[in-house]
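Chemist: First residue of the sequence shown? That's 1 in full-length UniProt numbering, and the numbers climb one at a time after it.
Worth flagging that the hints you see were computed from the coordinates, not collected in a lab. Model, not experiment: these values are computed from the prediction.
Distance condition first, Cα-Cα at most 27 angstroms in a straight line; then the derived DSSO-like pairs of lysine-lysine:
#1 K165 <-> K192
#2 K192 <-> K224
#3 K65 <-> K135
#4 K135 <-> K224
#5 K135 <-> K62
#6 K273 <-> K243
#7 K242 <-> K273
#8 K192 <-> K273
#9 K63 <-> K135
#10 K224 <-> K242
#11 K165 <-> K273
#12 K224 <-> K62
#13 K224 <-> K65
#14 K104 <-> K242
#15 K104 <-> K63
#16 K65 <-> K104
Pairwise CB distance ranges, derived in the manner of DEER restraints:
#17 T238 <-> T161: 32 to 42 angstroms
#18 D232 <-> G281: 11 to 21 angstroms
#19 K243 <-> Y37: 25 to 35 angstroms
#20 R196 <-> I114: 42 to 52 angstroms
For glycine and all other residues, C-beta sits at the position ideal for the given N, C-alpha and C.
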Amino acid sequence: MAIYYDATDLIGNTPVLLLRRLTGEGDAELYAKLEWYNIGGSIKDRTALNLIEHAEAAGVLKKGKRIIEATSGNTGIALAMLGAIRGYDVTIVMSEAVSEERRKIISAYGAELILTPSSLGTAGAIEMKERLLQKYPDRYVAVDQFSDPANILAHYQRTATEIIKDFGHSLDAVVATIGTGGTTSGLALRLKQFDRRIRVIGVTPALGVRIQGIRNPREPRPSKLVHTDWLDEVVEITEEQKKECFRVASLAASREGILIGMSSSCALYVAMKEASRLGSGHRVLAILPDSGYKYLSTELYQDRSRRASPDEA
Numbered sequence: 001m002a003i004y005y006d007a008t009d010l011i012g013n014t015p016v017l018l019l020r021r022l023t024g025e026g027d028a029e030l031y032a033k034l035e036w037y038n039i040g041g042s043i044k045d046r047t048a049l050n051l052i053e054h055a056e057a058a059g060v061l062k063k064g065k066r067i068i069e070a071t072s073g074n075t076g077i078a079l080a081m082l083g084a085i086r087g088y089d090v091t092i093v094m095s096e097a098v099s100e101e102r103r104k105i106i107s108a109y110g111a112e113l114i115l116t117p118s119s120l121g122t123a124g125a126i127e128m129k130e131r132l133l134q135k136y137p138d139r140y141v142a143v144d145q146f147s148d149p150a151n152i153l154a155h156y157q158r159t160a161t162e163i164i165k166d167f168g169h170s171l172d173a174v175v176a177t178i179g180t181g182g183t184t185s186g187l188a189l190r191l192k193q194f195d196r197r198i199r200v201i202g203v204t205p206a207l208g209v210r211i212q213g214i215r216n217p218r219e220p221r222p223s224k225l226v227h228t229d230w231l232d233e234v235v236e237i238t239e240e241q242k243k244e245c246f247r248v249a250s251l252a253a254s255r256e257g258i259l260i261g262m263s264s265s266c267a268l269y270v271a272m273k274e275a276s277r278l279g280s281g282h283r284v285l286a287i288l289p290d291s292g293y294k295y296l297s298t299e300l301y302q303d304r305s306r307r308a309s310p311d312e313a
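Input sequences plus hints: build the corresponding full structure.
Modeler: Listed below in structure tokens is the structure:
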């Protein structure tokens, strides 16, 4: 067994699982890249590490400075974890709508957590972060996942390279969710350079639909890293389809034994549709950003337990 000497060495090289029980006869082979195998539990470990390393290399981030970022949760967890490893204080700003699990994890790593009204969404967290930066410019350093190209590079240089290593030219489609746009933009740029035949599909909520971890590029305060013109298709999840996505999460747990998160359920839902459309002889890969453990208190998973009856006791 390998011995690692720094937790950051456990970021990347995530496993790919063939999902045999979620497709029908005549469908394409369906694979999932399990990003919760990153040490911090999500694909955002890749982004956060690249943001910090680029800020350090540029001389912007130094000891004594406090990292600040607005996030829907996973980037905040990753930054809090990396701050603990590298000795940086961290302030995370996010909507109070995020799950209780995410709040507790961020606090457990020792980061300061500031919550903004849920009605304002991620845009409200971004505005609060910017106000704090303006008020205390000497205290904070922003590692901005919504505008820093280091976010795209994390997936161009590593995530896409891992996919190419695993599949070569045998892959037909990749499905990934859109939040900051770093994942989809990085994957599209690199995979299209490698093989233009590979379809890259982005998944986002329709306007007005709330799904933790992803957001529509047309919402207020959009990310500067979203390049939908680099993608072959963008699927917008409606409120009704959101329910279907959540049912897919339950199927993934009960049939494949994997507990997936909210955005992962959306990626898998679309990937299953693509596998059905392409048919046998093809391969589809879904990028699953995180597991379901941070969503057990949310609508994604329902408690189906029951009390034992007297005759069972």
